[in-house]
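Residue numbers (our numbering), protein chains in the order written: chain G, 1 to 112; chain P, 1001 to 1112.
If you are wondering where the hints come from, they were derived from the structure by calculation, not from laboratory data. All of these numbers come straight from a predicted model, not from anything done at the bench. Mixed in with the good hints there might be a few duds.
Keeping only pairs whose Cα atoms sit at most 35 Å apart, straight-line, the calculated DSBU-like set for lysine-lysine is [said to hold, decoys possible]:
hint: 1; chain 1: P; residue 1: K1071; chain 2: P; residue 2: K1003
hint: 2; chain 1: P; residue 1: K1055; chain 2: G; residue 2: K69
hint: 3; chain 1: G; residue 1: K58; chain 2: P; residue 2: K1057
hint: 4; chain 1: P; residue 1: K1055; chain 2: P; residue 2: K1070
hint: 5; chain 1: P; residue 1: K1053; chain 2: G; residue 2: K49
hint: 6; chain 1: P; residue 1: K1057; chain 2: P; residue 2: K1018
hint: 7; chain 1: P; residue 1: K1057; chain 2: G; residue 2: K69
hint: 8; chain 1: G; residue 1: K58; chain 2: P; residue 2: K1071
hint: 9; chain 1: P; residue 1: K1055; chain 2: P; residue 2: K1071
hint: 10; chain 1: P; residue 1: K1003; chain 2: G; residue 2: K111
hint: 11; chain 1: G; residue 1: K49; chain 2: P; residue 2: K1071
hint: 12; chain 1: G; residue 1: K49; chain 2: P; residue 2: K1070
hint: 13; chain 1: P; residue 1: K1003; chain 2: G; residue 2: K58
hint: 14; chain 1: G; residue 1: K49; chain 2: P; residue 2: K1055
hint: 15; chain 1: G; residue 1: K49; chain 2: P; residue 2: K1003
hint: 16; chain 1: P; residue 1: K1057; chain 2: G; residue 2: K49
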Amino acid sequence: AQSVTQLDSQVPVFEEAPVELRCNYSSSVSVYLFWYVQYPNQGLQLLLKYLSGSTLVKGINGFEAEFNKSQTSFHLRKPSVHISDTAEYFCAVRPGSNMLTFGGGTRLMVKP
Amino acid sequence: DVKVTQSSRYLVKRTGEKVFLECVQDMDHENMFWYRQDPGLGLRLIYFSYDVKMKEKGDIPEGYSVSREKKERFSLILESASTNQTSMYLCASSYGELREQYFGPGTRLTVT
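From just these sequences and the hints, can you work out the full model?
Below, the structure written as structure tokens:
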């Protein structure tokens, strides 16, 4: 069975500062990795995904994530955040063709 | 654009009532999913369907059932609502095994 741990439930940060949202997973097989964002009162939207190839993945809205197989991590980063990035972010893991397993979510709060 | 719609954004029901949550997607996707979202727990899969009239249990199917009579529509049924089913319910759809899931806006269900 696989599990996903998002180490921070809330991350407060000032506008234009860099941010890293941490995600670790456990799985006995190779995985596909995803980050989703949920803006207030909306459904989830895909930010980026890692299926294979380069371990540095670029997504929408200036976000990127790096897959680290040895540390079983898939941390999300942005060099300079905006107020509009305030949202909840979910890391998800998909081992092979099985269903997605989501982490508990990290609430990013960008302050002016 | 892919559109996944859910019949209600907010719903209040009484304990013991039968509750229907409807989800419709307009992109001819094979796969449809029902999740519930609770603070700190992320999204947990209730049921999914990979074809009309086909369904598979997810991680937390107890107390729920589903129906998929047409490809575009996937219904979640709470046979006898209980207060511990108060939650946000999210529907998603996808095409093929490795494609991203598209989410609806969610239904916030309160059972009193």
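Hint-by-hint comparison with the structure:
Among the hinted pairs, P/K1071 with P/K1003 is consistent with the structure: their alpha-carbon atoms are about 14 Å apart, no more than 35 Å. Taken as a hint, the P/K1055 and G/K69 pair is honoured in the structure, with Cα atoms around 33 Å apart against an allowance of 35 Å. A distance of roughly 33 Å separates the Cα atoms of G/K58 and P/K1057; the hinted pair therefore holds under the 35 Å criterion. This hinted pair checks out: P/K1055 and P/K1070 have alpha carbons roughly 13 Å apart, not beyond 35 Å.
Restraint check for P/K1053 and G/K49: satisfied, since their Cα atoms lie roughly 30 Å apart, inside the 35 Å limit. For the hint linking P/K1057 to P/K1018, the alpha-carbon distance of about 20 Å falls within 35 Å, and the restraint holds. For the given pair, P/K1057 sits about 30 Å from G/K69 by alpha-carbon distance, which is consistent with the 35 Å threshold. Restraint check: the Cα-Cα separation between G/K58 and P/K1071 comes to about 33 Å, which is no more than 35 Å; the hinted pair holds.
Annotation: proposed proximity of P/K1055 to P/K1071 holds, straight-line Cα distance about 12 Å (limit 35 Å). As the CA atoms of P/K1003 and G/K111 are separated by approximately 32 Å, the hinted pair is consistent with the 35 Å bound. At most 35 Å may separate the alpha-carbon atoms for a hinted pair to count; G/K49 and P/K1071 meet this at roughly 26 Å. Using a Cα cut-off of 35 Å, the hinted pair G/K49 and P/K1070 holds, with the two alpha carbons roughly 30 Å apart.
A distance of roughly 24 Å separates the Cα atoms of P/K1003 and G/K58; the hinted pair therefore holds under the 35 Å criterion. Restraint check for G/K49 and P/K1055: the C-alpha separation of about 26 Å stays at or below 35 Å, so the hint holds. Our distance criterion of 35 Å between C-alpha atoms is met by G/K49 and P/K1003, whose separation comes to about 20 Å. Restraint check for P/K1057 and G/K49: the C-alpha separation of about 25 Å stays at or below 35 Å, so the hint holds.
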